[in-house]
Amino acid sequence: MDGISLLTITVLAVFVGFEVVSKVSSTLHTPLMSGANAIHGIILVGAIIVAGQATHPWVLAVALLAVVLATANLVGGFVVTDRMLEMFRGRKEKPAKPAPKVGAPGPGVPQRETKENTEATR
Amino acid sequence: MILLDPNVTALLYLAAAVFFILALKGLNSPRTARRGNLIGAFGALVAVVTVFFSTRLDNVPLILGAIAVGSGVAAPVARRVKMTQMPQLVALFNGVGGGAAALVALLELPHAEDAWVRVAVVFTLLVGAVSFAGSAVTFAKLQELMTTRPVVFPGLPVLMGAVLLAAVGAAAAVVMGGSLVLALLLLLLGLVAGVLLVLPVGGADVPIVISLLNAFTGLAVAASGLVLGNVLLVVAGTLVGASGTILTRAMAAAMGRSVAGILFGAFRGSSTAGSTVMSDRPVRSSSPEDVAVLLGYAQHVIIVPGYGLAVAQGQHTAAELAQALESRGIRVDFAIHPVAGRMPGHMNVLLAEANVPYESLKEMGEINSEFRTADVALVVGANDVVNPAAKTTAGSPIYGMPILEVADARQVVFLKRSMRPGFAGIENDLMFEPQTTLLFGDAKESLTKVLGAVKAL
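Residue numbers (the numbering used here), protein chains in the order written: chain A, 1 to 122; chain B, 1001 to 1457.
Warning: the hint list may mix true and false statements.
Stated by the list, open to error - Derived, one-sided and incomplete: chain B residues facing chain A with beta-carbon distance under 10 Å:
1) Val1069
2) Ala1102
3) Val1152
4) Ala1220
5) Leu1457
Just so you know, these hints were derived from the structure itself, not from any lab. We treat Cβ as the ideally placed atom computed from N, Cα and C, and that holds for glycine.
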């Protein structure tokens, strides 16, 4: 891919990044930090490529170390974020409260929540 | 092995990038956050599977083994870590990510033929190394393997300047000639710079630095994507870099600090003032029974939870105490400072875990005017976030940080383990005021005793 296309993608990604988290509440700062942390673990893809093309043993050793580190970042990051967000289950009862008042859409909301709750308890 | 068509590969990477954007987007609201995170994890899975089927790779069994080792170590740790130790684990994961990016760049250097690719290489090396070493120091600080106070020594700014200058020199040489030895030197200089950058940061500012280093790692990953010509790494890294920057600024704003002030404030020297002095001024301490009487005959009680509550795992007992008081017709609110706990938003996570109803959790802006009319403010294991020095003492490490105005309440009860100063390493004058009572002990035990005494009233 040529430089200009990469630059275009980079600049657009900057704007998406700014836009996506611009209005986050302080309640979710910690999980957001942790979630973003998990995402940069995708360096694993780079580490795999380097390890897969290594010919010298020491290059391979360093590359495999990079694979281990990147995997720890990626897997650990998503697991830790999931555990943090699990704690917010109790919060979901709140939007359920006004639901009966609305009438028709009421049953739909709690239903979706039970689904999420079963997912949460696995 | 069947190799995927390059176009299919590109589309799969695009899908993974979209999943990452959706993951960050989902984290905007507590309702969608968990699903968002799972979508992000799925995106990562798609990307990792794709790379095995799109590139000709040797050593596949070894790579799979390394992946198994990495997951085998990280997943159980992440599963088992206590909620209170979450911040240091996030720091650790961030550090290893930065380290991985630096190693990838180092190994790609011999293949980097264009000068601009080598620019991306040196950037990744340096920033990845800074992030790795800096995160290691923040981990040590949060785990209390070392002092949480700012570490400053004479000549630190000069040393930092020299390291950066040497790093710029080495970087320029690597871009020009591609020397591997100089690249290793650059890696080393990056590690030193990372340590020097984080050492002077103290106390409650550490989580903000974690967020900043998180953004750094994102940028390193983006740059390594340029080196490898991999669009997914460019997009994901840039996303994290940009969102991390915003998040860092939002956190700093929540504490009334500037990012530059956090990083370089200690260089100005005054901020450690008084941190080692522990005065022997008299305080009033009392028994759980006295505290129970005070609470049981109040009309409005505001509980101010802090890190001490979190460490003692006392959030469930605090929730029970609130219920017991409410059943006596007393209004109980929880006042949550944005940085209560050890990271912004951390306390909300803990209290949500204890099923404290959402309506009782009041944010600082909402609750501050109510302290004036509150009968009792019960401070459980918090210190810095209620310290009036933030408003009155210029030069204090927490000066300018918005605080909970506990001092306005008619009575203030501190549940504290000891007179040891809080995370910021400074004493709280509020503890010596006439309206203040202290109840010493582990937060959970004290709360249990107070709860028992309230029930016996």
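Quiz item: Which of the listed hints are broken here?
Solution: The structure breaks hints 3 and 5; every other hint is satisfied.
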